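A.B. asks: These protein sequence lines are chains A and W, in that order. For the first sequence, the numbering used here assigns the number 157 to the initial residue and increments by one for each residue that follows. For the second sequence, the numbering used here assigns the number 282 to the initial residue and increments by one for each residue that follows.
Hints were generated in silico from the structure; no laboratory data involved. Source: prediction; values computed, not measured. There may be inaccurate statements among the hints.
Partner residues aside, some chain A positions facing chain W, computed with beta carbon under 7 Å [claimed, not checked]:
no., residue
1, G179
2, R210
3, T316
4, Y318
5, G328
6, G332
7, Q431
8, G432
9, L433
10, L435
No residue lacks a Cβ here, since even glycine has one placed at the ideal position from N, Cα and C.
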Amino acid sequence: MNRTVVAALLAVCSSGVAAAPGGRLLATGGASSIEGAAGGGIVPWAVMSGYAARDEWGGTAFATRVDTGDYQLYSYGAALSLGNRVEVSVARQSLDIAALAKAASLTEKTLNQDIYGLKLRLFGDLIYDRMPQVALGAQYKRQRNFLVPSQVGAARDSDTDYYLAASRLYVGAVGGYNLLLNGTLRYSRANETGLLGFGGDRRDSRSLLKEGTAAVLLNPQWVVGVEYREKPDNLSFAGESDWQDVFVGYFPNKQLALVAGWADLGEVATLEAQQGLYLSLQLSY
Amino acid sequence: MFKLLSRALSGCGVVVLTACTSAASYPLPNDSLYQALGGQAGINRVVEGLLYRIADDERIVHHFAHTDILRLQDKLQEQFCVEAGGPCEYTGDSMAEVHAGFAITESDFNALVEDLIAAMTAEGVPVSAQNRLLQRLVPMRGDIIYR
Chain A
157 MNRTVVAALL
167 AVCSSGVAAA
177 PGGRLLATGG
187 ASSIEGAAGG
197 GIVPWAVMSG
207 YAARDEWGGT
217 AFATRVDTGD
227 YQLYSYGAAL
237 SLGNRVEVSV
247 ARQSLDIAAL
257 AKAASLTEKT
267 LNQDIYGLKL
277 RLFGDLIYDR
287 MPQVALGAQY
297 KRQRNFLVPS
307 QVGAARDSDT
317 DYYLAASRLY
327 VGAVGGYNLL
337 LNGTLRYSRA
347 NETGLLGFGG
357 DRRDSRSLLK
367 EGTAAVLLNP
377 QWVVGVEYRE
387 KPDNLSFAGE
397 SDWQDVFVGY
407 FPNKQLALVA
417 GWADLGEVAT
427 LEAQQGLYLS
437 LQLSY
Chain W
282 MFKLLSRALS
292 GCGVVVLTAC
302 TSAASYPLPN
312 DSLYQALGGQ
322 AGINRVVEGL
332 LYRIADDERI
342 VHHFAHTDIL
352 RLQDKLQEQF
362 CVEAGGPCEY
372 TGDSMAEVHA
382 GFAITESDFN
392 ALVEDLIAAM
402 TAEGVPVSAQ
412 NRLLQRLVPM
422 RGDIIYR
């Protein structure tokens with residue numbers, strides 16, 4: 157994956173020449189998580205990216221920035237969904253660690269990784285069936301500059317996360333407003349999602365991690381919600397905090413989604429109390 | 282606040298979500314939704330707006346090429362009234378019967394939902410009342426699509 161591909165995708169989406177997005181209802185493809193899968197901001201959901209219903213295809217391209225002052229995370233990528241059944245995604249993440257590099261005299265100023273995702277809807281539907289939508293996902297991650305992670309004790313530079321997600325939109329459930337609940341179980345040993353490698357001197361086996369989202373749709377275009385993501389603690393040089401955020405999503409139409417949030421990332425690689433603004437732009441095709 | 286949040290979200294895991302969620306429609310205990318929709322007059326305006334939107338909706342209008350629109354209007358008015366807890370009786374055929382042979386897709390169904398939401402919004406129906414009516418119609422989908 158490279159910038160040209162993403163730029164081309166963005167150009168196609170924004171030009172409006174591509175076929176109209178598919179037949180699923182507005183916002184039911186979620187936003188793009190920082191790892192590329194359809195979901196919230198930090199949690200993958202069971203929904204398929206974009207708006208493709210059965211017998212259709214579609215997808216998304218996205219760009220996200222999280223700025224805590226000490227760190228800036230940039231993530232961009234794209235996803236393709238087939239028949240509301242399978243989602244493939246790619247994402248490239250770059251974490252600017254200039255503040256940490258200066259404090260700890262590191263030679264590297266960024267941490268980078270690529271993520272290749274696959275998600276399969278097993279059964280159910282976000283809105284309609286008796287069962288909630290349940291999906292199984294895998295994310296193959298490759299850390300691209302492993303010097304710093306290896307110096308702080310990371311065991312490997314690539315690995316795969318597995319997750320099981322269940323998502324449901326409860327129509328009119330909260331005072332007449334639609335409620336979205338998502339629960340995800342992830343099996344992973346990624347340090348800071350993989351930007352600091354996988355496994356470590358403290359623990360090198362995968363952990364079962366709980367993630368969740370609760371959101372209310374104020375109307376079909378506006379959604380507010382909260383997310384939580386449990387993290388492993390594999391490296392002894394620093395603690396790794398669980399993540400959480402509150403967000404507002406705006407879906408003016410099926411081509412565009414904007415998400416703004418406040419993310420609390422806790423301690424990240426020895427720097428504590430990392431909080432900041434989360435901004436994400438998603439285009440659907 | 283985040284402590285509380287994390288506990289709440291950890292609790293709402295996969296187990297809770299996989300519990301059965303939508304049961305078959307049951308009669309509403311009162312007519313509050315009917316009133317929120319503006320009574321029969323409000324429902325009739327929503328149905329009219331819906332039919333105009335369908336007529337302009339190239340995604341699904343072909344399904345209505347041989348439909349008796351006046352009868353459809355009449356039956357939709359009855360059905361929405363009944364589903365909203367109003368003082369009506371639905372005299373039309375079952376959802377499975379009237380949609381048989383049309384091969385209505387998921388996307389067709391959603392297109393009609395979008396038209397209905399637009400019609401209700403145009404009539405000033407509050408979002409909460411819109412959702413409560415949609416909630417009543419959601420379980421019918423299985424009898425409507427791919428028949």
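A.B. asks: Compare the structure with each hint and give your call.
C.D. replies: Structure-based check of each hint:
{"no.": "1", "hint": "G179", "in the structure": "holds (2 Å)"}
{"no.": "2", "hint": "R210", "in the structure": "holds (5 Å)"}
{"no.": "3", "hint": "T316", "in the structure": "violated (20 Å)"}
{"no.": "4", "hint": "Y318", "in the structure": "violated (14 Å)"}
{"no.": "5", "hint": "G328", "in the structure": "holds (4 Å)"}
{"no.": "6", "hint": "G332", "in the structure": "holds (2 Å)"}
{"no.": "7", "hint": "Q431", "in the structure": "violated (10 Å)"}
{"no.": "8", "hint": "G432", "in the structure": "violated (14 Å)"}
{"no.": "9", "hint": "L433", "in the structure": "violated (16 Å)"}
{"no.": "10", "hint": "L435", "in the structure": "violated (20 Å)"}
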